[in-house]
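Colleague: The task is simple: from the sequences and hints, build the whole structure.
Residue numbers (our numbering), protein chains in the order written: chain A, 3 to 594; chain B, 53 to 212.
Some hints here could point you the wrong way.
[Said to hold, decoys possible] Below 30 Å or equal to it, Euclidean Cα-Cα: the simulated DSS-like pairs (lysine-lysine) are:
id	chain 1	residue 1	chain 2	residue 2
1	B	194	B	156
2	A	110	A	339
3	B	150	B	171
4	A	176	A	344
5	A	463	B	194
6	A	97	A	110
7	B	171	A	27
8	B	150	A	585
9	B	88	A	585
10	A	245	B	130
11	B	130	A	463
12	A	245	B	194
13	A	474	A	484
14	B	194	A	73
15	B	194	B	88
16	A	301	B	114
17	A	176	A	245
By construction, these hints were calculated from the structure, which means they are not laboratory data. The structure presented is a predicted model; accordingly, all values stated were derived computationally and were not measured.
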Amino acid sequence: MHLLVCGGTGCKASASDALEDKLTKELEEKSLQDEVQVVKTGCFGFCEKGPIVKVLPDNTFYTQVKPEDAKTIIEEHVIKGRKVERLLYLDPETKMHVTDSKHMGFYKKQIRVALRNCGFINPESIEEAIARDGYAALAKVLTEMTPDQAIQEILDSGLRGRGGGGFPTGLKWKLTAKEKADQKYVVCNADEGDPGAFMDRSILEGDPHSVIEAMAINGYCTGATKGLIYIRAEYPLAITRLKIAIDQAREFGLLGNDILGLGFDFDLEMRYGAGAFVCGEETALIHSMEGERGEPTFKPPFPSVEGYLKKPTNVNNVETYANIPVIFLKGANWFNKIGTEKSKGTKVFALAGKINNVGLIEVPMGTTLREVIYEIGGGIKDGKKFKAVQTGGPSGGCLTEKHLDTPIDFDNLIAVGSMMGSGGMIVMDEDDCMVSMAKFYLEFTVEESCGKCAPCRIGNKRLHEQLELITKGIGSKADLEKLRDLCNVIKDTSLCGLGQTSPNPVLSTIDNFYDEYLAHVEDQKCPAGVCKDLMQYVISHDECVGCTACARVCPVGAIAGERKGPHTIDSAICIKCGACIEKCKFNAISIQ
Amino acid sequence: MTSVKIKLNPAEVAKLREACASFNNEAGELINVLHKAQSIFGYLPAEVQEIVAEELNVAVAKVYGVVTFYSFFTMIPKGQHPISVCTGTACYVRGADKVLDEFKRRLNIQVGETAADGKFSLSCLRCVGACGLAPVVMVGEKVYGRVSPDGVAEILAEYE
Numbered sequence: 003m004h005l006l007v008c009g010g011t012g013c014k015a016s017a018s019d020a021l022e023d024k025l026t027k028e029l030e031e032k033s034l035q036d037e038v039q040v041v042k043t044g045c046f047g048f049c050e051k052g053p054i055v056k057v058l059p060d061n062t063f064y065t066q067v068k069p070e071d072a073k074t075i076i077e078e079h080v081i082k083g084r085k086v087e088r089l090l091y092l093d094p095e096t097k098m099h100v101t102d103s104k105h106m107g108f109y110k111k112q113i114r115v116a117l118r119n120c121g122f123i124n125p126e127s128i129e130e131a132i133a134r135d136g137y138a139a140l141a142k143v144l145t146e147m148t149p150d151q152a153i154q155e156i157l158d159s160g161l162r163g164r165g166g167g168g169f170p171t172g173l174k175w176k177l178t179a180k181e182k183a184d185q186k187y188v189v190c191n192a193d194e195g196d197p198g199a200f201m202d203r204s205i206l207e208g209d210p211h212s213v214i215e216a217m218a219i220n221g222y223c224t225g226a227t228k229g230l231i232y233i234r235a236e237y238p239l240a241i242t243r244l245k246i247a248i249d250q251a252r253e254f255g256l257l258g259n260d261i262l263g264l265g266f267d268f269d270l271e272m273r274y275g276a277g278a279f280v281c282g283e284e285t286a287l288i289h290s291m292e293g294e295r296g297e298p299t300f301k302p303p304f305p306s307v308e309g310y311l312k313k314p315t316n317v318n319n320v321e322t323y324a325n326i327p328v329i330f331l332k333g334a335n336w337f338n339k340i341g342t343e344k345s346k347g348t349k350v351f352a353l354a355g356k357i358n359n360v361g362l363i364e365v366p367m368g369t370t371l372r373e374v375i376y377e378i379g380g381g382i383k384d385g386k387k388f389k390a391v392q393t394g395g396p397s398g399g400c401l402t403e404k405h406l407d408t409p410i411d412f413d414n415l416i417a418v419g420s421m422m423g424s425g426g427m428i429v430m431d432e433d434d435c436m437v438s439m440a441k442f443y444l445e446f447t448v449e450e451s452c453g454k455c456a457p458c459r460i461g462n463k464r465l466h467e468q469l470e471l472i473t474k475g476i477g478s479k480a481d482l483e484k485l486r487d488l489c490n491v492i493k494d495t496s497l498c499g500l501g502q503t504s505p506n507p508v509l510s511t512i513d514n515f516y517d518e519y520l521a522h523v524e525d526q527k528c529p530a531g532v533c534k535d536l537m538q539y540v541i542s543h544d545e546c547v548g549c550t551a552c553a554r555v556c557p558v559g560a561i562a563g564e565r566k567g568p569h570t571i572d573s574a575i576c577i578k579c580g581a582c583i584e585k586c587k588f589n590a591i592s593i594q
Numbered sequence: 053m054t055s056v057k058i059k060l061n062p063a064e065v066a067k068l069r070e071a072c073a074s075f076n077n078e079a080g081e082l083i084n085v086l087h088k089a090q091s092i093f094g095y096l097p098a099e100v101q102e103i104v105a106e107e108l109n110v111a112v113a114k115v116y117g118v119v120t121f122y123s124f125f126t127m128i129p130k131g132q133h134p135i136s137v138c139t140g141t142a143c144y145v146r147g148a149d150k151v152l153d154e155f156k157r158r159l160n161i162q163v164g165e166t167a168a169d170g171k172f173s174l175s176c177l178r179c180v181g182a183c184g185l186a187p188v189v190m191v192g193e194k195v196y197g198r199v200s201p202d203g204v205a206e207i208l209a210e211y212e
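Modeller: Listed below in structure tokens is the structure:
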């Protein structure tokens, strides 16, 4: 029997370490440590209800398990064989406890390819990775295939880059392979800077060996003997697990000189990012690895010709790499049967925002947004109304109700004004103001623009200023058109992907929520009730009893009035913090 | 950069020079060296940047350019308990801005500042990847999930 405890960042933040200790101790106390094994795994994906404990072989899936529940699980489930009902997942629709993960709505529509090992193995054990076919693809490629044949297999699979661009991976490899040079490099882009996205982190934390294996295969195919992993310094757990995995792979002769005794040399190094979103762009990433400011440069020359230290370099994203070993083991023809005509395989999404089941999911390309949000995501939180879903992070767009039946793939999302991006998917409900959302993304872009080219540096700043004015109710219909024009100029003239896509959140919200923009500038109203400057706090003199509670809690002294007499709020002083509303027992204060 | 020179601890300076040597004083390792330097000093004042420039044989201006480019590097000393509020999208839509406002109000500092007594500093970060717990706040290495504005006082009280 195995007890799998999630050791991802989310569950760790909810004390999964203490839980693991408790389980181990309880087992030792009952002298069961030889019968039952506690395994710390990577992310199960169901982060909303973490920490998760899964019991094998019966697949029992316990949610929100606290350290103090360890004793019950051992005494009831392990010893007496009775499932602990109160820790089972409660299906919100049927109101029934679901005993095993296969029957949870969250998992039903998912196919796990890139995440195949996340939540199954202890990521700090190479033996467990090998037991689940880890490094078998590398052995197969090295013994049975020439580099050209292996590249052909990737081309046949139809795999496209998962970092956002969607460039055919096999073609990228081919371009690097055909260059002649004394040294070539392969690079793993693990600089997941898209806020609200945690796919790559979960893969690195849950299954680092699959990435290492794929990079070695990539090295063999392209003729590179050196690999570099560029990872964000903000991901300490992923860094630790990668380091452990690299050391283990070296020890097992799966990295280093003469891998598997087959005469192939390949080794890995880690490089750390330092918090710059633009470094997700491959030329910027390469400059950052060289110790420079992470500013992008014009392509061509492409990295496949002139990359790291001016040598041919192949850059792929973490999730792209995680797909590679499976393609070799199951064959390109297995892989290209999953998905849509032009987008093959699966895609991992980080589902977050106002949704019931926040978490990490992997679905076949072609799944609709509706299936993801309602069937896997369990619908909108607190029974609110769905308003928009944002895909592609700061580079993507906000899609609405009418797009829900769009099958998700690279080309469909672009056609409706958004993009796949790296896989962030943020759901918004009726309480979210779309102008404020656009402003939020622009704030991010302005901060992260490297400043090298004027359209991005100045244009985005101007966009942000304009949006700031709109959220204050200043502007006109004509200003909205100007905003649209500026967006298009920035898109057309920026140097790199950051500027070329940064106006997307603005354009898509103007297109899809034009009335909301109009309400701000023409009626000075924020329909969602978010924009503070368009709100006024008012005390109804009919309801107010003069208890003075609001005046006492007001941090800026904006409320005046005699004891037992009606109070009033001076809106010139009021900072709209909402403290008075919370304090008032008589519902006398309202927002207008 | 500041004109008033600060005095660096000689033991820490020695550590820094050692760190530079461990990277073979290669200019290409600048970012790795700065990561080390920040872990030694807690921040990267002008004086530290000068030493790094000297060791790696690059212009101070280049070091400064890199330090100011990346948000992970700071030239202001962090508080004893650095507070980071996640303002990634998932946290934002679940009310991170209100939590941030409450920290600002209670500590009477802005983002990027350190309180006068040096106890707390306030910054924003973009996604720690614990979106299931949004909004998320980090104090030092500890992660607090599902923080509401009302919970801010409670978190601060833990460090009083």
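Colleague: None of the hints should be skipped; say for each whether it holds.
Modeller: Outcome of the hint check:
1. 194(B) <-> 156(B): Measuring from Cα to Cα gives roughly 19 Å; hence the hint holds.
2. 110(A) <-> 339(A): With Cα atoms ~19 Å apart, residue 110(A) and residue 339(A) stay inside 30 Å; holds.
3. 150(B) <-> 171(B): Given that 30 Å is the threshold and the Cα spacing comes to 22 Å, the pair holds.
4. 176(A) <-> 344(A): 19 Å, holds
5. 463(A) <-> 194(B): 34 Å, violated
6. 97(A) <-> 110(A): Between residue 97(A) and residue 110(A) the Cα gap is close to 18 Å, so the pair holds against 30 Å.
7. 171(B) <-> 27(A): Distance ~37 Å between residue 171(B) and residue 27(A) Cα, so the pair is violated.
8. 150(B) <-> 585(A): 17 Å, holds
9. 88(B) <-> 585(A): At roughly 48 Å apart (the allowed maximum being 30 Å), residue 585(A) and residue 88(B) break the hint.
10. 245(A) <-> 130(B): 28 Å, holds
11. 130(B) <-> 463(A): OK: residue 130(B) and residue 463(A) at ~28 Å, within 30 Å.
12. 245(A) <-> 194(B): 22 Å, holds
13. 474(A) <-> 484(A): Holds - the C-alpha atoms of residue 484(A) and residue 474(A) are around 17 Å apart, at most 30 Å.
14. 194(B) <-> 73(A): 26 Å, holds
15. 194(B) <-> 88(B): Holds, at roughly 21 Å.
16. 301(A) <-> 114(B): 24 Å, holds
17. 176(A) <-> 245(A): Satisfied, since the Cα-Cα distance of roughly 29 Å is no more than 30 Å.
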